[in-house]
Amino acid sequence: MSKAISTIQSSFVPLNIENVDTDQIIPARFLKATSRDGFGKNLFRDWRYSNDDENQPKEDFILNNPSYTGKILVAGKNFGCGSSREHAAWAIKDYGFDVVISSFYADIFKSNALNNFLLPVQVSEGFLQKIFKAAAIDSSKELNVDLRQQTVTLLSTGEQEKFDINVYKKTCLLNGYDDIDYLLSIRNEIEEFEAQKS
Amino acid sequence: MGKTLFDKIWEKHIVRSIPDGPGVLYIDKHFIHEVTSPQAFNGLEKRGMKVLRPQQVVATADHNVPTMQQHLPIKDELSRKQVQQLIDNCKKHDIELYGLGHPFQGIVHVIGPELGITQPGMTIVCGDSHTSTHGAFGAVAFGIGTSEVEMVMATQCLLQSKPMLMRINIEGELNNGVVSKDIILYIISKISASGATGYFVEYAGSAIRKLSMEARMTICNMSIEMGARGGMIAPDEIAFEYINGRLFAPSGDQWIKKMALWKELYSDQDAIFDKEVNINAADIEPMITYGTNPGMGISVNGRIPSEDQVAENEKPHFVKSLQYMGLQAGAKIKGKKVDYVFIGSCTNSRIEDLRMVASFVKGKKKADNVEVWVVPGSKQVENQAKEEGIDKVFQQAGFILRQPGCSACLGMNEDKIPAGKYCISTSNRNFEGRQGPNARTLLASPLTAAVAAITGEVGDVRDYLSTNITGEHSFNNLPVAQSGLLIEKTSNSPLTIDHEQSH
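If you read the sequences in order, they're chains A and B. For the first sequence, the residue numbers in numbering that gives the first Met the number 0 are 0 to 197. For the second sequence, the residue numbers in numbering that gives the first Met the number 0 are 0 to 502.
Any given hint could be a false lead.
To be verified - As a list, the in silico DSBU-like pairs of lysine-lysine whose alpha-carbon atoms are at most 30 Å apart: (1) A:K196 / B:K319; (2) A:K76 / A:K140; (3) B:K45 / B:K80; (4) A:K40 / B:K74; (5) A:K196 / A:K161; (6) A:K70 / B:K319; (7) A:K161 / A:K140; (8) B:K189 / A:K40; (9) A:K132 / B:K319; (10) B:K363 / A:K161; (11) A:K76 / B:K80; (12) B:K314 / A:K169; (13) A:K140 / B:K363; (14) B:K314 / B:K363; (15) A:K40 / B:K2.
Honestly, the hints are just simulated from the structure, not real lab data.
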């Protein structure tokens, strides 16, 4: 299974809303599943459909606008606040996004995204607004996200910004490692720690 | 340089630090529930592994359980399967489960402290963002995602970057009628729903020191609502007294040994925080939210901000919120009619909360236009309420006393607020659709909720307070166990509604 990510170049979906909480990303009533799959169809459920009905899409919601597609979701600041439900990251990934770009993330969402190889890229508020502006003019504009170089580039203008990610997480994402693999590799050390602690 | 409370606990739990990366943090207690654990168990099984330290894991069913007729099979098929999967997984992995029908069942953040499982100095995690509740005991407690649940199951450790540290000092005397829920709603309204992101918060100051443990839990519980990773309060005599004698609390020599350690758990005088916030307790009034994030709070006597009072970049969110809520910018909130009152959730469903509501409600009837749901936080709270006659008070008032669970806080089971309806809720989140699609939530304290239950509208509890001749406040001449100044929350205080009262 190739989970690794390095460079993503794609058009993007601009969700110009701030404080998007995980209850909006995936409402609680859809958390009854016991597997990680299939949450994408209920992504932003109550913003996407009227009366909880898939036959009544809300036309003004960006996911229902066929001009905007791609593997990158761009959202307003404080994305993913609220509940710790990892289902939010699963839903975004399952829908087909590999990257989220925002100017600010809630902590737990960020960890959950990273643990699912969904790259949360944090850009400045100014750069975020440039991306939204570009999208408003032309829905086919593309972004390039390069994890190795830690850069986001708006291809139409060549404007670029660097983003931060800690070295450990970057290595994990580039190689498809997860934290459990790492923790299991130091199991003896954990057991020694336990023995000393008690 | 001195150490903070957080540092003292963190450092004792670091197994190793990865250069330029996170630390490996050892976890003492892991609480699990039916909603965020199944995928973790599946992941573990895919790796052919068992839970490493099952004796350090405690499970309950709370998020997705019905709150009526819990003795019957769960009607909803998916919910039933999810709860059954927890039962099967716990059995397979030798984990203690306080499931439906068990006398200890309840909301995970209510039962941990009530059973004495939650103790000072521990690292505690749970796949739920309100795990910060346990920080009230001087524990490093925080919510995690399901992948992390799996990590802790597999290794009893987590990879964590050390957060920044913020201290919020609340000094002075609280106004009468102001309870701990008002304190935290006030703090969040000042700091904003994202203002503590990246931080772990310590609450300190004379106003905090006087609070009971249950009141402290309410405050730590909502730390996540300003983005904080967790919240904590240095343990003191009030904490030790609460813990002493509880089922899983240490006893005998163990107690003496633990006490020696626990008494060292405070921030040294010269400890440095990345940020300090000072709040004057006297500035806090009974609070209520009007918008769709917990930072959008005002005094119950206040006005919703007008558009020109809102920063330019906040305007789109503000306008969208008010539109959803069906409220007007600049309008007063007092007098707003409500349709539902929900008293429950891991924020406010403990026995002191129910006593507080009962002391106001005793002898009164609910307003005709409201439906009132009271959902106790645990079986033990429910039983205690019955023992004290609180159930009768609620019954006579026309409230419905349901069975323990998360219920309408997140509307995952059938306890949903209908579309367009207003609910005064003692829970923690007023997000769009949180209590049901298109439901409108106003967050408030149990006292403010009680006022709404009786009057059918948003009101100021202080309008119902009177001052007696000794200068002591009372509630319609009714002694009240817990509120700001003199009705401060006191742990295990005798129920005041048993007193003779005049109306």
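Status of the hints after comparison with the structure:
The hinted pair formed by K196 (chain A) and K319 (chain B) fails the criterion: a straight-line CA distance of about 52 Å is larger than 30 Å. In summary, the hint linking K76 (chain A) to K140 (chain A) is supported, as the alpha carbons are separated by about 21 Å, within the 30 Å threshold. Simply put, K45 (chain B) and K80 (chain B) have alpha-carbon atoms about 20 Å apart, close enough for the 30 Å limit, and the pair holds. This hinted pair checks out: K40 (chain A) and K74 (chain B) have alpha carbons roughly 24 Å apart, not beyond 30 Å.
Under the criterion of a C-alpha separation no larger than 30 Å, the hint pairing K196 (chain A) with K161 (chain A) is inconsistent with the structure, at around 42 Å. For the suggested pair K70 (chain A) and K319 (chain B), the alpha carbons sit about 27 Å apart, so the restraint of at most 30 Å is met. Among the hinted pairs, K161 (chain A) with K140 (chain A) is consistent with the structure: their alpha-carbon atoms are about 19 Å apart, no more than 30 Å. Distance hint between K189 (chain B) and K40 (chain A) is unfulfilled; the C-alpha atoms sit about 37 Å from each other, more than 30 Å.
This hinted pair checks out: K132 (chain A) and K319 (chain B) have alpha carbons roughly 20 Å apart, not beyond 30 Å. Using a Cα cut-off of 30 Å, the hinted pair K363 (chain B) and K161 (chain A) is violated, with the two alpha carbons roughly 62 Å apart. Proposed proximity of K76 (chain A) and K80 (chain B) is contradicted: the alpha carbons are some 37 Å apart, above 30 Å. A distance of roughly 36 Å separates the Cα atoms of K314 (chain B) and K169 (chain A); the hinted pair therefore is violated under the 30 Å criterion.
In summary, the hint linking K140 (chain A) to K363 (chain B) is not supported, as the alpha carbons are separated by about 63 Å, beyond the 30 Å threshold. A threshold of 30 Å between alpha carbons decides the hint, and for K314 (chain B) with K363 (chain B) the separation of about 42 Å lies outside it, so the pair is violated. The suggested pairing of K40 (chain A) with K2 (chain B) is violated, with an alpha-carbon distance near 48 Å, which exceeds 30 Å.
Checked against the numbered hints given earlier, the structure breaks hints 1, 5, 8, 10, 11, 12, 13, 14, 15 and satisfies all the rest.
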